[in-house]
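*Asks:* So the chains spell out like this:
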Amino acid sequence: MTVTIEKKKQFIRFDPRTKIILLVLSMIVATTTPSLLYECVLILLIAGFGSVCGKVRYSLIGSAVFMALYLSTVFYLENSTGTMHTMFTAWLSLVFKVYPGGMLAGIAVSTTRVNEFLSAMNKAHISRKIIIPLAVMLRYIPTIREDWRYIKDAMRLRDVSPSIIGLFTHPGMTVECLYSPLLMAASKAADELAIASVTRGIENPKPRTCLIQIRFRIQDVLIILCFLAVPVASLCC
Amino acid sequence: MAEGGVENINLSVNAGECILLCGRSGCGKTTITKLINGLIPHYFAGELSGSVKVGSLDAFQTPMYQLAEKVGSVFQNPRTQFFNIDVDSEIAFGIENEAVRPDELHQRLDATIDTLKIKPLQGRNIFELSGGEKQKIAFASVYAMNPDVYLLDEPSSNLDMASIYDLKAYLQLLKQQRKTILIAEHRLYYLMDVADRIVYLSEGKIEAIHTPESFCALSGNTRKSMGLRAVDLRCVHPKDKPRREHSVLLEVKDVALHYKKRPIVKNITLKAAKGEIIGVVGCNGTGKTTFLRTLCGLHKDYTGAFLWSGKQQNGKDRMKRSYMVMQDVNYELFADSVGAECSFGIKNPDMELVEKTLSELELIPFREKHPNTLSGGQKQRVAVAVSMICGKELLVFDEPTSGLDFDSMQQVAALIQKLAADKIIFVVTHDYEFICQVCSRIIHFGQGQMTGGIVVSEENEKQIRERIGAVDTLERKD
Amino acid sequence: MSNQLQTNTVKKGLTVKDLIIMGVFAALLTVCSMIGGIFFAITPTLTFYFSIGAALLPGPVFLLLLAKVPKRGALAIIGTIVAVLSLVLGMHWAMGLGGLIGSLLADMVAGTKKYRSKKMNILAYIVYSFGPTGTYFAYFIDPQTWASTMLKKGTTEDYINAMNNTADWRVLVIMIVGTILVAWLSGFIGSKLLKKQFEKAGIIA
Numbered sequence: 001m002t003v004t005i006e007k008k009k010q011f012i013r014f015d016p017r018t019k020i021i022l023l024v025l026s027m028i029v030a031t032t033t034p035s036l037l038y039e040c041v042l043i044l045l046i047a048g049f050g051s052v053c054g055k056v057r058y059s060l061i062g063s064a065v066f067m068a069l070y071l072s073t074v075f076y077l078e079n080s081t082g083t084m085h086t087m088f089t090a091w092l093s094l095v096f097k098v099y100p101g102g103m104l105a106g107i108a109v110s111t112t113r114v115n116e117f118l119s120a121m122n123k124a125h126i127s128r129k130i131i132i133p134l135a136v137m138l139r140y141i142p143t144i145r146e147d148w149r150y151i152k153d154a155m156r157l158r159d160v161s162p163s164i165i166g167l168f169t170h171p172g173m174t175v176e177c178l179y180s181p182l183l184m185a186a187s188k189a190a191d192e193l194a195i196a197s198v199t200r201g202i203e204n205p206k207p208r209t210c211l212i213q214i215r216f217r218i219q220d221v222l223i224i225l226c227f228l229a230v231p232v233a234s235l236c237c
Numbered sequence: 001m002a003e004g005g006v007e008n009i010n011l012s013v014n015a016g017e018c019i020l021l022c023g024r025s026g027c028g029k030t031t032i033t034k035l036i037n038g039l040i041p042h043y044f045a046g047e048l049s050g051s052v053k054v055g056s057l058d059a060f061q062t063p064m065y066q067l068a069e070k071v072g073s074v075f076q077n078p079r080t081q082f083f084n085i086d087v088d089s090e091i092a093f094g095i096e097n098e099a100v101r102p103d104e105l106h107q108r109l110d111a112t113i114d115t116l117k118i119k120p121l122q123g124r125n126i127f128e129l130s131g132g133e134k135q136k137i138a139f140a141s142v143y144a145m146n147p148d149v150y151l152l153d154e155p156s157s158n159l160d161m162a163s164i165y166d167l168k169a170y171l172q173l174l175k176q177q178r179k180t181i182l183i184a185e186h187r188l189y190y191l192m193d194v195a196d197r198i199v200y201l202s203e204g205k206i207e208a209i210h211t212p213e214s215f216c217a218l219s220g221n222t223r224k225s226m227g228l229r230a231v232d233l234r235c236v237h238p239k240d241k242p243r244r245e246h247s248v249l250l251e252v253k254d255v256a257l258h259y260k261k262r263p264i265v266k267n268i269t270l271k272a273a274k275g276e277i278i279g280v281v282g283c284n285g286t287g288k289t290t291f292l293r294t295l296c297g298l299h300k301d302y303t304g305a306f307l308w309s310g311k312q313q314n315g316k317d318r319m320k321r322s323y324m325v326m327q328d329v330n331y332e333l334f335a336d337s338v339g340a341e342c343s344f345g346i347k348n349p350d351m352e353l354v355e356k357t358l359s360e361l362e363l364i365p366f367r368e369k370h371p372n373t374l375s376g377g378q379k380q381r382v383a384v385a386v387s388m389i390c391g392k393e394l395l396v397f398d399e400p401t402s403g404l405d406f407d408s409m410q411q412v413a414a415l416i417q418k419l420a421a422d423k424i425i426f427v428v429t430h431d432y433e434f435i436c437q438v439c440s441r442i443i444h445f446g447q448g449q450m451t452g453g454i455v456v457s458e459e460n461e462k463q464i465r466e467r468i469g470a471v472d473t474l475e476r477k478d
Numbered sequence: 001m002s003n004q005l006q007t008n009t010v011k012k013g014l015t016v017k018d019l020i021i022m023g024v025f026a027a028l029l030t031v032c033s034m035i036g037g038i039f040f041a042i043t044p045t046l047t048f049y050f051s052i053g054a055a056l057l058p059g060p061v062f063l064l065l066l067a068k069v070p071k072r073g074a075l076a077i078i079g080t081i082v083a084v085l086s087l088v089l090g091m092h093w094a095m096g097l098g099g100l101i102g103s104l105l106a107d108m109v110a111g112t113k114k115y116r117s118k119k120m121n122i123l124a125y126i127v128y129s130f131g132p133t134g135t136y137f138a139y140f141i142d143p144q145t146w147a148s149t150m151l152k153k154g155t156t157e158d159y160i161n162a163m164n165n166t167a168d169w170r171v172l173v174i175m176i177v178g179t180i181l182v183a184w185l186s187g188f189i190g191s192k193l194l195k196k197q198f199e200k201a202g203i204i205a
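Residue numbers (the UniProt record's numbering), protein chains in the order written: chain A, 1 to 237; chain B, 1 to 478; chain C, 1 to 205.
Do not take every clue at face value.
Computed list of lysine to aspartate or glutamate pairs in DMTMM-like fashion (alpha-carbon distance at most 25 Å, straight line) [unchecked claim]:
no., chain 1, residue 1, chain 2, residue 2
1, B, K274, A, E146
2, A, K152, B, E362
3, C, K71, A, E192
4, A, K152, B, D317
5, C, K192, A, D220
6, B, K369, A, D191
7, B, K168, B, D240
8, C, K200, B, D58
9, A, K123, B, D103
10, B, K369, B, D317
11, B, K462, B, D193
12, B, K369, A, E192
13, A, K206, B, E362
14, C, K196, A, D159
15, B, K205, B, D398
16, C, K196, A, D220
17, A, K206, B, E466
18, A, K188, A, D220
19, B, K224, B, D254
20, B, K260, A, E146
21, A, K188, B, E128
22, B, K274, B, D232
23, B, K179, B, E203
24, C, K192, A, D15
25, C, K200, B, E458
26, B, K266, A, E192
27, B, K311, A, D191
28, B, K311, B, E362
29, B, K266, B, D240
30, B, K117, B, D193
31, B, K347, B, D317
32, B, K261, A, D15
33, B, K239, B, E466
34, A, K129, B, E69
35, B, K266, B, D301
36, B, K347, A, D191
37, B, K316, A, D191
38, B, K271, B, D58
Think of the hints as simulated: they come from the structure by calculation, not from any bench.
Computed from a prediction, not measured in an experiment: that's the story for all the values here.
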C-alpha cells in the first residue's frame, strides 16, 4: 500500500476541484458537441491527463475501446437499417454521451483519496448537511460488501440460495434473509458511528479544518485551459 | 429499574486516577461512562436526576463538542468507530473538528503516531486493518485530541491477546501522563496493575470499591459469585478433560488453502471424533477463518480432501453437515421471532424438536420476541438452537465469548460442552480462560502452517500459553 | 420521560445522528439500485428499462430510512449527494438531475403526511424511482438531436421513422408502467417488512 502511494508521488497531482471542473467540461462537450470528432479530441485529452496522473495503461485501454466504438459507428452503423439498428443507435448515443465522463471519472476516482475529496468539498463551503452524509456514504459502501459476505455465508448454511434465482424461487424467505440482517446491521452501525463521532466533537460549530491541504497550482490552470479549448472550438467552428 | 439503569451513584475521581468499573452485563457500568461523556442526556434520553461534573464543566449542560475536548471515549466495536477510510484522516478526525490549525494538525498527527508506535499503519486503508489495529487507530484519534479524561467501554472485547497487551501499554502511558482513566470492562486480568480503584457495580448501584490488592485478595469463589472473570491469568490453569473414546469421524487430509490465488495455509492434516472441542488459535490473518469456512463448505479455493466417516465430502455435503455461530451473530438471524427463527427455511419443521430445543436452551420465555431485542448471549443460543434443529453435526463458534461477562461465559461453556456429546466442535478464540475450561485440544495457525493437537491438560500449560500469547508483559522476553 | 433535559435531545432539524443514518442509507440505496439495474444498463436492448431494475431492491431501505428519519430535507439531501456522486462518477448529467428532481418531489410527497403514512411513503418511493429515467426522458424529448451527434450525415430516414413508430412509444410506456409497478411492489414489500421485522426489532427510533 505504502509502495503504491510513493509511486503515485512521482506523477503530477491535481486539485480535486480541478478534476470536478474537468468532469463538468467533458460532460458539456459530450452532450453538446455537434460531431464525434470533438469527442475524439476530448478522449485524447483525457488520455493525456490520465497519463500524467500515472494511469498510462488505463488511458491506453480507454482510448482503444473508444476508437473501436467510434470506428464501428462510422463504418457499420451509418450503413445499416432495421429495428436493431434503431436500438443500437439510441444505445450507442448514450454510450458516447457518457463515455468521456466515465473514463475521466475512472481516472479522477482512482487518483483522489476520499479525504482529499471531502477536503475539496469543505473548501468549496458546501454545507455540513451534505458533507457528513456524503462522507458516511463513501465510508459505508465497503462495509456493505463486508456485511454481504457474512450474510451470504449465513444464508448458505441455512440452505437458502443467496442469488437472484433464489429471489424468484423462495421470494419471501430470500427477502427476509437479505434485508433483515443488512438493515439491522446498518441501523446498528449508524448508531455506533454517530456515537463515535459526537464524542469526538463533530457537532462543533467552528469551521472544520482539514489535514489534507489542497490548492490550485499551475498544472491545474493549464489542464483546465486545455479542456476548455474543446467546447470553445466546437462553438466557434 | 430498566436494564442498565443506575441509581444513587456517588463517585469522585481524582485527576490522574485510573478507575475500573466492573460487574455483570447490564449492571450499569456503560451507563456511567455515558453520563461522563455526555451521551446521556444529549444523545440518549431518559429520566435523570443529580449532576455530573468534569473538571469545571457540568456534563449535562455543556454541549457535547465542548465535553469532547476534555473527555475522550473509546468504544467496544472497532468496525463501527471510524468515520474515514484512511488512517491519517481518522486519527486527525477529532482535532479537525476542534478546528486546530492545519500546520498544527500535522504536528499532532506525527506526535501521536510516534508515541503510540503505529508508524506501520500510517497511510493505510482502515478496511484492510485487523480489529486490534482498528482499535489502536480509534485510540489514536482520541489521543490526538489530548483530553484530560479517557473513557473506555469494553475496549478489549474484540481483541486478541497481543492487542490487549498493547492496549495495556497505552493505558500505562496515559498514567505516566497523569491522565484520568475510566474503564468499563469484563476482562480484568490486564488491568490489575493499571487500575487504582476498582468499582464493583450490581443492579445499578455501587456495591463496593476495592483497591487492586483487596480485589485480588477476594477468593475465586467470591469473585465468581460476583459474576467477574479471572483477575490473574497466572492462576488459571488448563483443566484435564475426561477422555471420551469415539472413533475418528472427520478427517482433513493434506488441505491447502488459497485466497485470491495466493496460498495461505499448506498441509493441514487433522483427525477429529465426536465429543471433541477443538480450540482454534493464532493471530488474525493467519487463515483460521478461511480454514473453518472451507470446512463448512463456504470457501471453495482449496486442494486436498475432507472425509466424513471415511467418505470423501464435497462442499455441498459439508455445508449440509456444518453450522457456524458467527462472532457477530446478527448476520445469521433472519426471522421476526425466536420461534419462527427455529423453523425458518425448513420445509416440514419437527415442532416437537423445536419445542424440546427451545426449552433445553432456556429460550421459551423469548419465543415471541424479535431476535434483535435479545442480549448477545441469548442471540448466540438462538443460533445454536437453529443448528440443533437442522441436525448439524459439526459446529464452528467464532469468538463466542467476546463481550460476555463471567456468567454468560459459564453458560456458553456449559452449552458447548453439552453439545459436544454428539458433535464435533471447533471454537475460534483468544480467550485463555475459556480454552482452559472447555477445549479438549487446540490447533494453532501461523506462518502459513497449522500445528495441531496440543491436548489441553495441566502438563501442557506452558505450551498452551505460548500458543495463545497469554504471557504477561512482565514474563515476556524483550 | 419527564425530565426537562429531554428537550435537549428532541431537536427539530436534522441532527448529526440523522445525517449519519442518511449517509448509511444513501449507500444502501445506491448499492441496491446498482445491483438491480446493472444488468439492464449494460444490455443495449434493455437499457431503457434500467429504472425498472433499479427500483426492484431499494424499497425496504427507502421506507426504513423514512421511518428512522421522518424529517423534511432528508430525501432532498440524499438526492443531492447521489447527484453529486453520479456527476463525479461520470454518469450522464440528466441522470443526476433526474435523481435530484425525483428525490425533491419524493420529499414533498412523503412530507404531506409528515413522513408517517406508509401509503404516502410508498408513493414517494415510486416518485423517487423515476430519478434514473432522467436520461431517457432527455432522449425521448428529442431523439433526433440525440443521435445526430453520432451520425455524420445526421439521423437516417430509417431511424427517424423508427423513432416515430408506435413501437418506441411502447418502450416509453413499458418504462413508466414497469417502474411504477416494480417500485410499488418493492415499497409494498418494504412496508410489510417494516411492520413484521423492524418495528418489532425496535430499531425505529
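*Asks:* A separate judgement is required for each hint: does it hold in the structure or not?
*Replies:* A quick look at each hint next to the structure:
no. : hint            : result
1   : B:K274 / A:E146 : violated, 33 Å
2   : A:K152 / B:E362 : violated, 29 Å
3   : C:K71 / A:E192  : holds, 21 Å
4   : A:K152 / B:D317 : holds, 17 Å
5   : C:K192 / A:D220 : violated, 52 Å
6   : B:K369 / A:D191 : holds, 22 Å
7   : B:K168 / B:D240 : violated, 31 Å
8   : C:K200 / B:D58  : violated, 37 Å
9   : A:K123 / B:D103 : holds, 16 Å
10  : B:K369 / B:D317 : violated, 33 Å
11  : B:K462 / B:D193 : holds, 23 Å
12  : B:K369 / A:E192 : holds, 23 Å
13  : A:K206 / B:E362 : violated, 53 Å
14  : C:K196 / A:D159 : holds, 22 Å
15  : B:K205 / B:D398 : violated, 33 Å
16  : C:K196 / A:D220 : violated, 54 Å
17  : A:K206 / B:E466 : violated, 51 Å
18  : A:K188 / A:D220 : violated, 42 Å
19  : B:K224 / B:D254 : violated, 43 Å
20  : B:K260 / A:E146 : holds, 16 Å
21  : A:K188 / B:E128 : holds, 21 Å
22  : B:K274 / B:D232 : violated, 33 Å
23  : B:K179 / B:E203 : violated, 29 Å
24  : C:K192 / A:D15  : violated, 47 Å
25  : C:K200 / B:E458 : violated, 48 Å
26  : B:K266 / A:E192 : violated, 39 Å
27  : B:K311 / A:D191 : violated, 48 Å
28  : B:K311 / B:E362 : violated, 36 Å
29  : B:K266 / B:D240 : violated, 30 Å
30  : B:K117 / B:D193 : holds, 22 Å
31  : B:K347 / B:D317 : holds, 19 Å
32  : B:K261 / A:D15  : violated, 37 Å
33  : B:K239 / B:E466 : holds, 17 Å
34  : A:K129 / B:E69  : holds, 23 Å
35  : B:K266 / B:D301 : holds, 12 Å
36  : B:K347 / A:D191 : violated, 36 Å
37  : B:K316 / A:D191 : violated, 38 Å
38  : B:K271 / B:D58  : violated, 62 Å
Of the numbered hints listed earlier, those contradicted by the structure are 1, 2, 5, 7, 8, 10, 13, 15, 16, 17, 18, 19, 22, 23, 24, 25, 26, 27, 28, 29, 32, 36, 37, 38.
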